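Those protein sequence lines, which keep their order, are chains G and D.
The opening position of the first sequence corresponds to residue 1 in the numbering used here, with each subsequent residue numbered one higher.
The opening position of the second sequence corresponds to residue 1 in the numbering used here, with each subsequent residue numbered one higher.
Honestly, the hints are just simulated from the structure, not real lab data.
There may be inaccurate statements among the hints.
[What the hints assert, rightly or not] No farther apart than 25 Å at their CA atoms in a straight line, the calculated lysine to aspartate or glutamate pairs in the DMTMM-like style are these: (1) LYS489/D to ASP514/G; (2) LYS22/G to ASP102/G; (3) LYS490/D to ASP311/G; (4) LYS583/G to ASP514/G; (5) LYS368/D to ASP295/G; (6) LYS47/D to GLU30/D; (7) LYS458/D to GLU47/G.
All values derive from a computational prediction rather than experimental measurement.
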Amino acid sequence: MVAANEVIKKDIQKHLDLHENKDMLRLITCGSVDDGKSTLLGRLLFESKALNEDQLRAVKSDSKKHGTQGDDIDFALLVDGLAAEREQGITIDVAYRYFNTDKRKFIVADTPGHEQYTRNMITGASTADVAIVLVDARKGVLEQTKRHAYLASLTGIRNIVLAINKMDLVKYSENTFDGIVESFNEFSKLINVDNVTAIPLSALLADNVTTRSINMPWYHGTTLLSYLETVKVDGELSLSKPFRLPVQWVNRPNLDFRGFAGTIASGSVKPGDAIRIQPSGKTSTIERIVTQDGDLEQAVAGQAVTLTLTDQIDISRGDIISTTETPASSANQFESTIVWMTEEPMLPGRQYLLKCGTSTSTATITDIKFEINVNTLEQNAAKNLEINNIGNCNINLDRQIAFDNYDDNHTTGSFILIDRISNETVGAGTLNFALRRSQNIHMQAVDVDKEVRSKMKTQKSCVLWFTGLSGSGKSTIANLVEKKLTQEGRHTYLLDGDNVRHGLNKDLGFTDADRVENIRRIGEVARLMVDSGLIVLTAFISPFRAERQMARNLLEENEFLEVFVETPLAIAEERDPKGLYKKARQGDLKNFTGIDSPYEQPKSPEILVDTSNMSAEQCAEQIIRILRERGVITELKD
Amino acid sequence: MNTDSPSSTPLNERRRLAVKLRLEGHKLKEISKLVDLSSPTIIAAHKQFIAGGWDAVNVNPRGRPIGDRAATTKLAEQLKTQALNKPPATNSPWTLALLSEASEDLGAQTSIRSIGKYIDEWDLNSTNLYKQCKEAGRQNDWLNTHYADISSTARKHNAVTYWAGTNTSSCRCTQSNTLQKYIYAHTTRGKYYWLAGDYATDVERFIDFFNRLASPTDNQSDNTSLTIIWQGQDPRLNTQLSQWLEQSQHISFHQHPELPSQAPKNVNEEINENTSERSVRTKNTAAPTTQQNNTTPQESNNDSPGLPTKQRNTNTMPLTHLQRLEAESIHIMREVIAEADKPVMLYSIGKDSAVMLHLAQKAFYPAKPPFPLLHVDTGWKFQAMYDFRDKVVKDSGLQLITHTNAEGVERGVNPFTHGSALHTDIMKTQGLRQALDKHGFDVAFGGARRDEEMSRAKERVLSFRTEQHRWDPKNQRPELWNLYNTKIKKGESIRAFPLSNWTELDIWQYIHQQQIPVVPLYFAAERPMVLRDGTWIMVDDDRMPMNMGEVPMMKRVRFRTLGCYPLTGAIESSATTVPEVITEMLASNQSERQGRMIDHDGAASMEKKKQEGYF
C-alpha cells in the first residue's frame, strides 16, 4: 500500500515538474467565420482537453438546437460564446482563449468581426508569436487572406501558418493545396514575411489538426498542433538582442535603497554590466538584480526585476536602461506607421499623448506621407486617417525619448496614441526610424550643470519672454530691466529682434515658415543661455500662442516667464515710434500685427504690465519686484 | 588511413591470424598492431569464426574484373542497402571501415576511399560542423565560452565528444520510397558514424545509435561517457527521447546554437505513391528554420527539467510559462501603480487573491506594496476565511480596509430569504461601490481571470468604469503590446486584472511552486454538509436554517472556489495537498465556477453583474 502511494506521488511530482516548466506561445487566428475559424479553435480546445464537461454538455445541447452539424458537436458554438456577448457590441473585439499541452501553454487571440477587422487584428497580433491565416480550400487565396497576411507582417509576426481548411470539401486534393500554396507564396514576396508553413486541414473532421490525416497521404509535413508545440517563441529570440529595460517605477523604500523596477525588453543583464541611461546619456554600472527570492546572478528578456546601480544618478520612469555597447537611441522626430482605431479621424497638427514603453510625451503628427490600402497594398495620399486605416506618418514629440526601431525591438519601438480630452486609446503604431539622424547624437552629460552655474551667480536662470504689440514698449522695458539687473550684479543677456536678425537668423525672411524657424532658433539660443546660468530677456512681438508655447516647451517649468506688455492698440498706434502703423494703414506693410494680422493675447502670463497707465520705469520696477518674489534673484551676500 | 587494398589471400591470412590471437586472449589493440587490421574488422572476423568456422573468416576475392561495371553497380546497391537499412553486425554505428568490411563480406574489395566516395554520392556524409566552425571562425563566442567549458568537463570525465545531428540522404528507403533520413556523429578529429533513421519518427533507432556509440570498447567494461553537441532541432522536444536522455547518466547532451548549414533538400518535386507511415517528406521545407546568426547559445547542461523554476537563477533557457505569467502580472501592477493616484487591492481571501497578493509583494520588493487591501465583506463568508484573512494581514503588514454594506445589514439582507441574486447585488456589488466611493480609490486590482467564464474572454486587463461604476462595453480600450492606457477623468475608475491570462491550472501550479498559503477549505476534510438542489452546502454556522427533516452529515469535501458559504458548492474529494488538488483537477471535467450558484441565475447573468459593477 505504502509503495503504491509512493508511486502515485512520484507520478504527480513528475507531472508537476513537466507542467511547471513548459513555455508559452501566443498566437492569433485570422479568418472570417466562413473559413471555419471558430471550428478550428473549438477543435484545438477540445482535442487539448481545455474544455470542461459542463461546457461541453451545454454545447452538445446547443448543437442540437442551433448547430449546423446534425447530432455531432458544432465546435464553432464553443467559441462563439453567449448570444448576449455577441450582441453587446464591444468596440474592440478580441477574445482570448487558453489551452495547454504537455509541451506548452497557448494563449489564442481570437479576432472575430469583419468590419472592424484591422484594429482588432492589430490588437491581437501585437502580442502574438504566430499567426494562423485560415483559407477555405474551396475559395483559395482571397483578398482578405492577403489582408490578414499583410497585417501580420506589419506587426512583425515571424511565423505564419497558412491553414488550408475544408480539405474534405475538395476531396483532399493535393493539386488544390499546391495551387493555393503557390498563389500565396507569390503574394508573400510582396510583403515582409519569412516563415510560412502551409498545412492542409479539415478542422471539422480533425484532419492534420492534432493527428496526421489518413486522407492526405501525400502530405508529410507536421500537424498544426505539433507545429505550434515546436515553433520558436519570440521571447527566445529577444534574448540575443542588446539589453533594454524601460524603467517603470523607482523603488525607494528608504534612503539607503534606490532601485529601478521594470521588465527586461530584450537581452540579459548581470551585476557589473556597464549601462547607459537614455535619453539622458548618463552611464553607470549594475550593482544588484534584486528580487524577493534573492539577488540574481543574471536576468533575461521577459523577467520583471529591480536593478540597483553603483552610482547615485537621477533616473525616472520612462527612461531606458541599456547596454553601453549598443544603447537605445533617443530622438523626438520619427517616421512611423500608425493604425487609427477610433471614429473621430486623426488630424495632422492635433496633439495626442504618445505612450512608448513607459514614457508618455506629447506628439503631433506633422505629415501623413501616405495611407496604405490594406487590400491592394497601394499607397495613397491622405489628409487624415479614418478608423481602421493605416498610414505612414511623421511625428514630432515635445521632448526626446529613448527608443529602438520597431524592427529591432518591438517593446521599445511600439506606441499607442491617447486622446488628450477623452483619454481614449485612439491609435497605435510603430517607430520605424528617427528623422534628422538625431538618434546617433547621445546627449552629453556634464558635471557642471545649470544649477551650479546659477548658484555662483546667486540667481535662478530663466527667460523673460516679453510679448506685446509693436510700440507697446517691450524693448524699452526689457532694456530698463536689464540695466537694473546688471546694476545689482546679475548676469543677463538681452536677445532682441534686430541683433538676432543680423547674425544667427540672417538667412531667414518673413514667410510664415521662416517666422516659426526664427522663434525656434531664438528659443534654442535662450535655452542654451539659461543652461549657462543667465537671466535671458527676449523682446519680440511673437503674436501667436503656438510659437510661445513652443519656446516654453523647450525649457523646464518655472524657467519660462511670459511678460505680457499690455497696451491697447489705439495707444500703441498713437505712439508709433517707428512709423510702422502708418505704413500698415496705408497698405505699404502687409501682415502687420494688430492691423491685418492677429495678435493672440497670452491667457495666463507669469507677469503682466500695463503701459497705458504706468511708465516704463514703473513697469521695470514691478518686474524686478516679481522676480524677487519668485526667487529668481535673491539678495546678494557682501 | 589504409589506402592500398591488399589482395584477398594475404588478407585472409591476416584475418585468420587475428582470430587465432583473439582466441588466445590477446587484446584487440595488440592484435590490431600485429596484423594491421582495425579492431572492428577483428571483431567481425572473430564473430564470423564463431558463427561459421574458419571458412567463414575468409573474404571473397576483392576488386572487380576489369570492365564489369554491372558488378560495381550491383555491389554499390547492396552496400547502400546495408548502409541505409540495417545497422552493422557489430555494436557500433556504421563507419567507413565497417562498410568497407561489409563490402568484403559481399565478396568485393572496396577501399575506404571508395566507400567515402560512395557515401558522398548518397549524401550520407554530413558536414563536419565542428571543422566548419573552427575554420570559418564562426560562433567564436560559443566555441570559446560554452564549448570550452563543455570540452573541459568532457575531458575531466573521460568522455568522448561527438558533434551529432540528423540529415536526409539522396537515397530512397526501400519500403516507402521516401528519402532516407539518418543520424550521424563526428568526433572532433573527424571520425564519422551514422545510422539510418529519424529520431522524429524512429525513437528506437535514435536511442540505438547513442547506445552503439557508447558501447564499451575492449579495454573497458563500462559504457563510454559521451558528450554530444547536437545541431538541428532539439530531440528533447520529444518526450520519450528527453526522458531517455535524462536517464542516461553517461550522456551529456548539448544543443548547438546553429542549425545545420546545409540547405534543406529540395524534395518538393518528389512523387510518392507509397503510403508508408514512416515517410517524412515535408511539403514545406522553408518551414520553421529561422537561421539566427547571433542567437544566444541555448545551452542546457544537465539541467534536468525537474528543477523548480525559482531555483533557476542563472539560466539562459527560455522562460517557463509561469515565469512569463508572473512577469506579465508584475508589469501590469507596476504600470498601474506608477500612474494611479489612489490604488487599492481587492482581497477576497480566495486562491486568486492569494496569488495576486504574492505577486504584488514581488513587484514592489523590497518596498511593501504601496496600497491597502480592501475586503468587501458580505458577512456570510466561511469562518475559516476570516481567520485566514486576519493571519495574512498580520503577516504581510499591509493595511486592511473591510467594508460591509451597513444598509444591507440593517435591512437584514441574507442569502436565504433574499436569494443569491439580491444578496450578491446588495452586499457585494453595492458594497464595493460604497467602499470605492468612500475612500476615493481610482484603481482597484481584482483577481479575475479570463478563463473563468465565457463572457470574460474579451475583458481587458484594465477595465474602465464610469462615475456610476458602470461598465460601458463601448468604452473599453484596445490593449496592444504591453502598453496600458491608464488615463482617466476625475470620478472614473479602473478595475485592473493582473491575472487575466492565468488559468485555474496555472494558479494551482504557481501556488505549488511558490508554496503560497491558501485557505484550508480548498483541501478535503470532513465537514458538516447538506445537499440542496444537487449541491453540497456547508453548514458553517447556526445562521443556516435547516429544512424539514434536514440533518447535516459529515462528508469529505473541498471547495474549488470560495464565496459566501450558503452560495458555494463543495465537491466530494480526498485531495488534501496541492499536488493532489492538481491531479484531481486534471482528471475532472467540471469547470471551476460550476460550484458558484450566482452564475446560474439565468443566462448571461455574469454579463449583467459585470455591467452593474460586480467583479
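Hint check results:
1. LYS489/D to ASP514/G: The given pair, whose Cα atoms are some 39 Å apart, is violated under the 25 Å limit.
2. LYS22/G to ASP102/G: Holds: LYS22/G and ASP102/G sit about 7 Å apart, inside 25 Å.
3. LYS490/D to ASP311/G: Distance of about 39 Å is beyond 25 Å: violated.
4. LYS583/G to ASP514/G: 22 Å, holds
5. LYS368/D to ASP295/G: 17 Å, holds
6. LYS47/D to GLU30/D: 18 Å, holds
7. LYS458/D to GLU47/G: Holds: LYS458/D and GLU47/G sit about 23 Å apart, inside 25 Å.
Hints 1 and 3, counting from the list given before, are not met by this structure.
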